[in-house]
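Colleague: Spelled out from the first residue to the last, the chains are:
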Amino acid sequence: MSALWTLTTLAARHGRKTVLEDASLSVAAGEVVGVVGPNGAGKTSLLRAGLGLLPLESGEARLSDQPLASLKPDERARLVGYLPQDRRVAWNLPARLVAALGATDLADEAADTLALDCLARVGAAELADRGVLDMSGGERARVLLARLLATRAPLLVADEPVAGLDPDAQLLTLDLLRAEAAKGAAVVVTLHDLGLAARSCDRIVVVSHGRIVAEGPPREALSRFILGHVFRLDGELVETEAGPVLAAKRV
Amino acid sequence: MSLVRLCLLMLLVLASAAILAVSLGETPLSLAQYAQALTHPASPPAEVLWTIRAPRVAVAALVGAALGLAGATMQGLLRNPLADPGVLGVSAVSGLGAALAISAGLAVVPGAIELSALIGALVAGGPVVVLAARFREPEALILFGVALSAFGGALTALVFNLSPSPVTTAEILAWLMGSVENRDAMDALRALVPMAIGAALCVRAGNGLRMLTLGEEAARMSGLPMARLRVYAVAGAALLTGAAVAAAGVIGFVGLAAPHLVRALVKDDPKRILWPSALAGALLLVLADLAARLVPTEQELKLGVVTALFGAPAFALLAWRASRSWRS
Chain A
1 MSALWTLTTL
11 AARHGRKTVL
21 EDASLSVAAG
31 EVVGVVGPNG
41 AGKTSLLRAG
51 LGLLPLESGE
61 ARLSDQPLAS
71 LKPDERARLV
81 GYLPQDRRVA
91 WNLPARLVAA
101 LGATDLADEA
111 ADTLALDCLA
121 RVGAAELADR
131 GVLDMSGGER
141 ARVLLARLLA
151 TRAPLLVADE
161 PVAGLDPDAQ
171 LLTLDLLRAE
181 AAKGAAVVVT
191 LHDLGLAARS
201 CDRIVVVSHG
211 RIVAEGPPRE
221 ALSRFILGHV
231 FRLDGELVET
241 EAGPVLAAKR
251 V
Chain B
252 MSLVRLCLLM
262 LLVLASAAIL
272 AVSLGETPLS
282 LAQYAQALTH
292 PASPPAEVLW
302 TIRAPRVAVA
312 ALVGAALGLA
322 GATMQGLLRN
332 PLADPGVLGV
342 SAVSGLGAAL
352 AISAGLAVVP
362 GAIELSALIG
372 ALVAGGPVVV
382 LAARFREPEA
392 LILFGVALSA
402 FGGALTALVF
412 NLSPSPVTTA
422 EILAWLMGSV
432 ENRDAMDALR
442 ALVPMAIGAA
452 LCVRAGNGLR
462 MLTLGEEAAR
472 MSGLPMARLR
482 VYAVAGAALL
492 TGAAVAAAGV
502 IGFVGLAAPH
512 LVRALVKDDP
522 KRILWPSALA
532 GALLLVLADL
542 AARLVPTEQE
552 LKLGVVTALF
562 GAPAFALLAW
572 RASRSWRS
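From first to last, the protein sequence lines stand for chains A and B. Residue numbering for the first sequence follows the numbering used here, starting at 1 and increasing by one per position. Residue numbering for the second sequence follows the numbering used here, starting at 252 and increasing by one per position.
Worth flagging that the hints you see were computed from the coordinates, not collected in a lab. Everything numeric in this text was worked out from a predicted model, so none of it was measured. From the three backbone atoms N, C-alpha and C, an ideal C-beta is built for every residue, glycine too. Please note: incorrect hints may appear among the correct ones.
In silico DSBU-like pairs for lysine-lysine, Cα to Cα no more than 35 Å straight-line [unchecked claim]:
1) A:Lys72 with B:Lys518
2) B:Lys522 with A:Lys72
3) A:Lys17 with A:Lys249
4) A:Lys183 with A:Lys72
5) A:Lys17 with A:Lys72
From chain A, some residues computed to sit far from chain B (all C-beta separations above 12 Å) [stated by the list, open to error]:
6) Arg16
7) Glu21
8) Pro167
9) Leu176
10) Ser223
11) Ala242
12) Gly243
Just chain A, with the same shape it has in the complex (with noise of 0.2 Å):
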């Protein structure tokens, strides 16, 4: 399968602190890959950095095997849509308009039948109208993946995008994104539930320290040593008829 994002020895500083050494990832269509570690080590640095948001020491991110440095910013949002993790959103915009930002290259009226047919999608078709700052968090994190897919770019990476939702929120928040990797698309997700990402993930990548730790499919990616290691947790993933589950307590 081809690879739609390919980072290479990637680092990054933010203003003196490095903050990503020595990362290297490749993202293939229709896998869901997940970026997990603890807090500040290096999850929204990688994403970023391999989208061009962040300056690189050194490395090289590709899209669709072209260079990012060497994309236009039209041709980059047609590779890859962000959903970034501040959901903070400045006007009441109706939900319909805020899921058309992501369709730019289209003319007004495509975009909002666009913008419809995702809102649909993401289960908040009767949310259209309504402004987003009217909306619950979980409503408006919805509109927001609305406007994520509404992209229809093959590389679709999103941070933190079940950060303060409800359960079933969040599972099918991971359950469309699987769906859109069903379609062909490539997914990257960075979570903090691990055990939600074992369950909807084809693999997980753990940064630690702004480095990637480990690499692979979840069982062996967030093994008995890297949580003891990396995330301070005595315990290890439990097979269950729902899925993997987390069964750990802190060291």
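With chain A held as given, fit chain B onto it using these hints.
Modeller: Same frame as chain A, now just chain B:
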């Protein structure tokens, strides 16, 4: 309501206000005199209506529109409902330009104060545009604007301080308070050129302003050329503000309030709000100038004084009602 319909409706209201403003004034006219003004272009009533009042109303409308559009642009760019055209420090430095021209005795040269104010706006606008391209976070721009405003204000105070005569001081003060008294058609035309360029820039930035609703990072990844659109927005707002200060002095509040008057009508959309804000600004200033002329005082009220006096309480009321939708 569609944007076109809203703008047409507002144009209609603005036209009615303008007709009212041209009809009414310090010199009361009889019906016969109005008829004379319309039929005999060389008659004294025609002089009052077309040479004295009409250009004045036109300048007020242009200045109001420029301030309304600049205010809406800055609020969109900075994602802040409290932003106004002066937030980047352009009006303070523009005012300084005018003060320098007056203290240098250039008030007698037609257009000299206006040109000096516009040069001040461009001098301030240059670094502001460079900074806007460099710093993406609104806080950095706002802080720089506060510094530039304070510096411009300090230098203006210095001009007062070193002013050779109290007459000059009074002249500068009167000019800074803002007025469209004694403006002619040439003044309106002179203001129109930089305003048209500024308006075109702001409107071109519209898509970027709308995208910024979702924050800086989402906007950067959206596919829009955000760096260019930010420069359009800042340069456009600076030109509009500078042209407004050059034409009428420093007039506060209109640029802040005009977008709020129409925000609900365009569902908060930072792109669609641009033209309605311009029209609302024009309407506010035409009415404020009419009030300035009609209130019987020994000295005619200054426009900047009127906008602040009437506007501030009205704005407080509006802010009170709108505050619920501002939570982040």
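Colleague: Can you give the numbers of the hints that this structure goes against, from lowest to highest?
Modeller: Structure breaks no hint.
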